[in-house]
Amino acid sequence: MSMQTPLRRILHFGAAHDGTGTFWIQRLTGAGMAILVIGFAVILAMTIGRPYEQVVAVLGSPIASAILALMVVAMVVHMRIGMQEIIEDYIQGAGLRLLCLAANTFFAFAIAAVGLLAIVKLALGA
Amino acid sequence: MSSADLKANRPLSPHLQIYRWPITMAVSIIQRITGGALYFGTILLVWWLAAAAAGPGAFALANGVLGSWFGLLVLFGFTWALMQHMLGGIRHFIWDFGVGMEKGTRDRIAWVNVIGGAGLTVIIWVIGLVFA
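Here the protein sequences line up with chains H and U, keeping their order. Under our numbering, the first residue of the first sequence is numbered 343, with each subsequent residue one higher. Under our numbering, the first residue of the second sequence is numbered 9, with each subsequent residue one higher.
Wrong hints could be hidden among the right ones.
Stated by the list, open to error - Here are the computed distance ranges between Cβ atoms for each label pair:
#1 438(H) with 77(U): 36 to 44 Å
#2 110(U) with 345(H): 54 to 62 Å
#3 19(U) with 434(H): 19 to 27 Å
#4 25(U) with 431(H): 13 to 21 Å
#5 79(U) with 387(H): 51 to 59 Å
#6 33(U) with 452(H): 33 to 41 Å
#7 69(U) with 431(H): 31 to 39 Å
#8 36(U) with 452(H): 26 to 34 Å
#9 51(U) with 438(H): 17 to 25 Å
#10 387(H) with 33(U): 35 to 43 Å
#11 107(U) with 438(H): 34 to 42 Å
#12 102(U) with 447(H): 24 to 32 Å
#13 369(H) with 41(U): 14 to 22 Å
Hints were generated in silico from the structure; no laboratory data involved. Beta carbons: idealized from backbone N, C-alpha and C, even for Gly.
Take these sequences, add in the hints, and give me the full structure.
As structure tokens, then:
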């Protein structure tokens, strides 16, 4: 006799094999960004309209680098899942959908690469 | 019956054009549209960061474009989309806990989302323009 609960036995046997993974990550990254956006607003307030040297000094400070890097990571994870949902809802046809999903991943990774590289360069003193 | 008939003559259930729009339906699609807009708006954010990292010339160019009337208009829209989408996320958070779904309450939460999103956007820009 199995000691598993009925729920445990049927888990992962649905059509998609899992369900709440992206749902949960979307909540985690969303909540994280709702907090990070306060730090981001402070960074903007300290940089907008200021001379270049000051902007670079603020963006390159350890605390700003950390906030920006966390923001970029949470952002690309969140937006990739969101756009994936939109594609799965509206794009018909397996081939086109696959193409869109791949383009979505490439775009998210490209944003992450450019953003993180810029942050690292600023943190190291441009 | 040919397959064309199957596709063309099937009766349809009432859809978006038929229903009167409750506010919850409006904030739902606004959440998706603002999310899609913010998706492409991230280009502006990383462009600004990359320009700062690249040097004074690139940064001056980015500042010039973003600081033009058209750039400011786009950034104003960006701010609204972000605030609307963020409050929409919090709205979903509340509903995830299974509370606030009652008739009346759910509409009030949706209205707080709309008014709060617009209100925060105006407050941010007033503060920004006063200090700039």
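**OP:** Please flag the earlier hints that this structure goes against, numbers listed from lowest up.
**Re:** 2 and 5
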